[in-house]
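J.: Going line by line, the protein sequences match chains A and B. Letter 205 of the first sequence, counting from 1, is numbered 211 in the numbering used here, and no numbers are missing. Letter 338 of the second sequence, counting from 1, is numbered 344 in the numbering used here, and no numbers are missing.
It is worth saying that the hints were derived from the structure and are not from the lab. Check before you lean on any hint, since a few could be wrong.
As the list makes no split between identical chains, a pair holds if one copy fits it or if it spans any two.
[Stated by the list, open to error] Straight-line distance between alpha carbons at most 16 Å, and here's what the computed EDC-like set of lysine to aspartate or glutamate pairs gives: (1) K407 with E277; (2) K129 with D152; (3) K130 with D152; (4) K66 with E97; (5) K124 with D153; (6) K344 with E285; (7) K101 with E73; (8) K101 with E34; (9) K197 with D184; (10) K409 with E277; (11) K235 with D203.
Protein chains: 2
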Amino acid sequence: MNLDKPVVVQKFGGTSVKNPRRIKNVAEIIYSKVKKGYHVVAVVSAPGDTTDRLVDMANKITSCPTEREMDVLLSTGEMQGMAFVAMALNEIGCKAVSLTGSQVGILTSSAHSRARIKSIDAKKIYDSLARGEVAIVAGFQGVSEDDNITTLGRGGSDLSAVAIASVLKAKVCEIYTDVDGVYSSDPSVVKGAKKIDSITYDEMLELASAGANVMQSRSMEVAKKHKVKLHIKSSLKREEKGGTVVMEETEKTDEAKGLEDVFIRGVTLDEDQVRISIERVPDKPGVAAKIFGVLARDGINVDMIIQSSAYSSGVNDISFTIGHSRIDEARRILQEIKDEIGAKEIIIDEKVDKVSIVGIGMKSHAGVAARMFEVLSKKSINIEMISTSEIKISCVVSAKKGKEAVRELHNEFCE
Amino acid sequence: MNLDKPVVVQKFGGTSVKNPRRIKNVAEIIYSKVKKGYHVVAVVSAPGDTTDRLVDMANKITSCPTEREMDVLLSTGEMQGMAFVAMALNEIGCKAVSLTGSQVGILTSSAHSRARIKSIDAKKIYDSLARGEVAIVAGFQGVSEDDNITTLGRGGSDLSAVAIASVLKAKVCEIYTDVDGVYSSDPSVVKGAKKIDSITYDEMLELASAGANVMQSRSMEVAKKHKVKLHIKSSLKREEKGGTVVMEETEKTDEAKGLEDVFIRGVTLDEDQVRISIERVPDKPGVAAKIFGVLARDGINVDMIIQSSAYSSGVNDISFTIGHSRIDEARRILQEIKDEIGAKEIIIDEKVDKVSIVGIGMKSHAGVAARMFEVLSKKSINIEMISTSEIKISCVVSAKKGKEAVRELHNEFCE
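Turn these sequences into a full structure, and let the hints guide you.
T.: In structure tokens form, the structure reads like this:
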């Protein structure tokens with residue numbers, strides 16, 4: 007369908023619609039975009055603590071709420087949010103209609119509480135835009151082929167917004183949050199942290215998975231795959247510029263000016279790390295597969311994995327990191343297979359952090375890693391594990407030294 | 007579709023599902039019916055004050071909420087109620103699924119906030135029952151032909167239940183409330199008020215419109231039209247008997263035993279009455295049409311209407327009653343047409359009550375009216391207006407005397 011104006015998708019999270027004042031503010035943001043000559047589709051989350059309150063109530067009724075019914079229940083939060091925003095828009099003279107996931111035709115798999123989007127019909131959205139209305143769409147929800155209400159899991163509203171932007175070929179998908187963009191490091195840890203004006207999907211993915219929780223990796227991956235340009239910005243600051251743009255290629259030439267060889271986007275700290283070392287495992291095929299197979303079977307996500315090469319000893323040390331919440335299960339599982347794999351010892355260290363530097367072009371500049379290690383060494387920060395990728399170098403260090411490490415690295419690479 | 011067991015529809019109001027304890031109680035009521043060998047469809051309202059809270063929130067966002075969006079918003083309350091009840095049933099081992107108005111296919115007119123039910127598809131309900139599940143349906147809501155969410159207005163959940171019971175040819179439609187049935191008078195006014203075991207639709211309609219607010223007239227009319235047997239009972243008392251059955255023909259023979267000529271079901275008091283008298287209107291065609299036409303145009307409901315016959319004077323007195331909430335508008339409207347209709351004076355008396363006696367066979371027993379007037383006369387209660395129907399006699403009396411009148415009439419007819 008052809009529309010007369012370009013389409014912009016705007017996504018507003020729960021804190022952006024948590025009370026009447028914030029809701030009116032969101033309406034103003036949307037209306038000002040409309041007045042600038044765009045068709046706007048707004049994706050709205052559940053207001054404030056609505057979802058938490060519904061979950062609490064469900065837990066008082068049953069210790070194990072049916073997933074299908076939980077989806078029905080939670081979908082009402084986003085419906086309330088979208089109705090409020092539509093009302094606020096109509097109040098200020100901007101025509102708007104709200105649409106549920108089912109009305110929009112967001113067809114998903116039938117896996118309740120973690121459904122995957124299969125397709126979006128979008129006819130209803132087009133019709134609404136063609137009539138000159140703003141379409142307010144409930145985030146986080148969809149409908150399965152057998153007409154059951156589904157939800158998309160954590161970060162689901164971001165995903166709804168990105169998917170809709172992709173289908174509508176939107177000019178940009180604006181993600182409104184309570185921070186004003188992505189920073190080169192956590193401002194609460196690093197005083198000199200700088201807002202990043204533009205960044206690539208890959209760099210953003212690395213920043214996100216390393217703890218810069220502005221947006222879920224899953225939505226970012228979909229945005230990258232479908233080349234949806236993202237603009238992350240604050241719903242509280244009313245400025246057209248500002249925020250962080252995420253796209254395929256950034257104008258590094260402009261920004262990287264003055265830097266010699268490599269451009270470091272940011273330094274991240276991940277404190278939710280536990281290091282597990284399985285020591286002296288016989289060096290034979292299938293051992294690593296066994297270890298990570300049993301962990302995966304229980305849904306334990308493993309982050310970094312290091313295996314030291316065995317030359318002559320015939321034994322390996324295998325180290326990896328997981329999140330704190332699954333320590334007890336991991337310990338039990340590994341004890342069970344310890345004898346089978348012939349491991350000597352299992353050591354668990356809960357007091358570690360992961361610090362990472364992220365930037366494109368790292369791999370072709372070996373000097374970056376050396377500089378990173380030197381910075382840490384100068385401050386007597388011992389490196390326990392190292393892992394590298396195309397655009398990231400991560401080091402596991404003692405939790406006592408995590409924050410200091412981030413500050414020093416930011417000082418070295420981002421000032 | 008043929009099911010292997012009879013169907014019962016159960017409707018639970020907002021107070022019946024206002025907290026986890028009550029919700030679990032509702033699940034027990036439903037499950038015990040299932041265990042007795044019935045297919046159960048439960049129609050559920052929004053829990054407790056959910057609807058009020060949503061309306062409050064909307065009013066904080068806009069002084070004039072869009073009706074379409076208000077329907078979207080309010081429909082979430084019933085969705086929450088149904089999801090909670092379905093969870094509670096699954097928890098105790100009774101298979102249940104919740105269904106929205108849209109999922110059930112409750113097709114309505116597109117008049118938001120006061121939609122009329124056009125048809126119910128019911129395939130989803132049948133499928134669910136055939137799989138051995140309890141179908142939990144959101145009350146109060148439907149969907150219009152153009153796929154917009156609609157609501158049915160006040161008493162809408164009763165209406166949903168009655169309509170579904172009709173389509174499914176249910177054995178009975180049980181209406182659960184916080185009272186244990188319909189009484190011969192308001193127990194808070196008349197100490198000796200007695201619960202009525204069974205009553206006809208017409209009698210119930212008269213009791214309801216005269217102020218016995220157990221169920222909205224609209225739902226009762228639909229029940230009468232489609233011969234849906236109703237059973238009004240308390241969700242707090244767990245007894246199979248009890249409550250009040252509403253049906254086409256009651257077993258009066260049993261209950262009326264010992265009464266001589268007429269069976270009075272109940273005595274009602276309606277305190278929301280304002281008497282308006284338009285005095286000395288010329289007796290010419292079109293005057294009454296004019297008066298009640300302008301009132302109707304502004305949606306002012308008129309209850310009793312009395313016009314004294316004009317024999318020789320050539321002028322009439324026209325009196326009628328309305329509810330308190332619309333006095334100011336009625337006064338303004340009538341002043342506007344006063345000269346046009348040639349009325350001498352408009353008198354408004356806010357301090358009146360309406361007392362009524364209700365029972366089948368009244369018209370053929372003229373003595374009943376006389377007995378009623380005598381009872382009031384004996385206590386020096388002046389009758390300001392009288393109106394009679396097939397099954398009801400109503401008198402407007404001074405508000406000071408309303409309660410006393412009800413007690414005396416109950417004493418005369420119901421003891």
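J.: Now, for every hint given, state plainly whether the structure supports it.
T.: So, going through the hints one by one against the coordinates:
1. K407 with E277: For K407 and E277, only the intra-copy Cα distance (11 Å) is at most 16 Å; the inter-copy one is 76 Å.
2. K129 with D152: Answer is between; shortest inter-copy Cα gap is 13 Å, intra-copy 20 Å.
3. K130 with D152: between (20 Å within a copy, 10 Å between copies)
4. K66 with E97: between (38 Å within a copy, 11 Å between copies)
5. K124 with D153: within (14 Å within a copy, 22 Å between copies)
6. K344 with E285: Answer is within: at 10 Å inside a copy they meet the 16 Å cutoff, but 101 Å across does not.
7. K101 with E73: For K101 and E73, the Cα distance is within 16 Å only across copies (13 Å; inside one copy 36 Å).
8. K101 with E34: within (13 Å within a copy, 46 Å between copies)
9. K197 with D184: neither (19 Å within a copy, 61 Å between copies)
10. K409 with E277: within (9 Å within a copy, 72 Å between copies)
11. K235 with D203: This pair counts as within: shortest intra-copy Cα distance 13 Å, inter-copy 68 Å.
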